[in-house]
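2 protein chains.
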Amino acid sequence: MEEQQPKPFVVGLDLGGTNSVFGIVNQRGEILATSSIKTQAYKNVDDFVKAGVECLLPIIEEAGGIKQIKAMGIGAPNANYYKGTVEYAPNLSWAHETVVPLAQMFSDKLGIPVGITNDANAAAIGEMQYGAARGMKNFVMLTLGTGVGSGIVINGQLVYGCDGFAGELGHVTMVRENGRTCGCGRTGCLEAYCSATGVARTAREYLTVSTEDSLLRKLDPEKITSLDVSIAASKGDALAKRVYEFTGKMLGDACADFAAFCSPEAFIFFGGLTKAGDLIMKPIEEEYNKHVLNIFRGKAKFLVSTLDDAGAAVLGASAIGWDL
Amino acid sequence: MEEQQPKPFVVGLDLGGTNSVFGIVNQRGEILATSSIKTQAYKNVDDFVKAGVECLLPIIEEAGGIKQIKAMGIGAPNANYYKGTVEYAPNLSWAHETVVPLAQMFSDKLGIPVGITNDANAAAIGEMQYGAARGMKNFVMLTLGTGVGSGIVINGQLVYGCDGFAGELGHVTMVRENGRTCGCGRTGCLEAYCSATGVARTAREYLTVSTEDSLLRKLDPEKITSLDVSIAASKGDALAKRVYEFTGKMLGDACADFAAFCSPEAFIFFGGLTKAGDLIMKPIEEEYNKHVLNIFRGKAKFLVSTLDDAGAAVLGASAIGWDL
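Residue numbers (my numbering), protein chains in the order written: chain D, 1 to 324; chain E, 1 to 324.
This is chain D alone, in the form it adopts within the complex:
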């Protein structure tokens, strides 16, 4: 009889370039226990999966054993949801030249369904399951970190496209002539301007083209980070504030194009840059409403993720588990 009860927990695995963090999560989005291993301490994927399972089993036992676990969700770079694979991930030593069937490998060891998707998609699903997008059927999630990632939800479903790789909004072209080079090998991408590294780059450019006084001049230009810019801006530094205004305006223009695509109920932002608060969120929303097509003006909400930073990636990954 026991097995006919709905299973109360899922496992989330936030697989990052440095750490791989496992968490046991309940329906309310509470993380009951976590454990972790170093992602790259293993020669090959078999060793990684073996060590992962060894690290995970004790917290599964704490939660009442594998019978209590409905499924497992993985958020990982270069993950393909359709195939359950990690493909040619440049930052993973055991997957950078190959296609790894990671979902199946964990499923074989644990005997439960396992799903996988990329980090930004996991964030969107997490937000829908536990966060700011609860009850929403149409929204766009933008993660502003080292890069710009995205997860798009339409009609209550994540958009994967024909190949599992849809939702790369960091790589729409915002500057068509003389655009900045982007990590993807192209130029003018949103990510080259509106990621944390893009913000630092904008600050360096502003410092170079003017002699305007700024708190940022006390720092080694090559070492300026988006956090430095945010701190200077919060102290009233005019140049730093203009950096955030420029960044926010470009995000607002990009969102206006995204609205023409899917007319979302909300744009939800996650990641380091959102710590700057109104400094970035206000120019985003203002530029959006100034620039968007008439019929969309004033309709969309601009929200910051409500998921706790430390747990957000694990929660996002775990959320995939409920649908499996």
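It should be emphasised that the hints constitute simulated quantities derived from the structure, not laboratory data.
No false leads were slipped in.
Since the list gives no way to pick out one identical chain from another, each pair is judged satisfied if it fits inside one copy or across any two copies.
Below 30 Å or equal to it, Euclidean Cα-Cα: the simulated DSSO-like pairs (lysine-lysine) are:
#1 LYS83 - LYS301
#2 LYS290 - LYS249
#3 LYS137 - LYS299
#4 LYS299 - LYS282
#5 LYS137 - LYS301
#6 LYS299 - LYS83
#7 LYS137 - LYS83
Starting from the known structure of chain D, arrange chain E on it as the hints suggest.
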């Protein structure tokens, strides 16, 4: 017993600014009969619906009576799928200052379910039901006529967004500085460059900024149409060919951004400009594959609608009926 058989027909209504064409359509996309009225010959929407039903009933009788009709679909400007309404349609005398519950009005008179959507969405649904997108779950339909319209299908469903107005890809911003003014009141929109009127405008610009010989110089510049440009290009006119190349390249760049959004299996083009064939389709595909993010390169198909021009709008509208 008869009524338990699946009903074999739907009605499609292509509601245009000039004519409103009704058609009886079967599952294979064959139009069995049509009839039409002048859209604007009526003082108000009640008279329009009354005249429409009077015009439609004889062809319904021909098809075996209303019991043979599953439902009716309407393709109309400024239509809202969620609400079943036509809203503030500038080109419709009886709906330009008001919200008209057109689907419900036809449904009340006919006693069958009636759905409504805008023209480009209807084209996408028609393509999925009877045309080039049969069997596809993810594609983008672009209609290149007086304006640039779009219908987006993701996971087998048309994208309507939170308000019913999603899929306005003619109004993504392609030129962010000194862009052409667009009919929507903004500047730099795709439509301002890649509609039939945009093509004519590009030709006029090219004729103005150079003294290059061209067949188009024989025409009154103000009266040049996209068809003139197409005819000149097909005769080898270099300037006219460059107009199509410019247009195709911009469409290719736009499609590269759309791929980052939804990674479609195909882009399907419909409308007058597609008559130019390779002159426009080749630069679209070449620019797309040159410019798109690596992971998408070479994956998407670039297709021209396979629906017969005369019937396409009626077929598209009718296709809504099968899902009601």
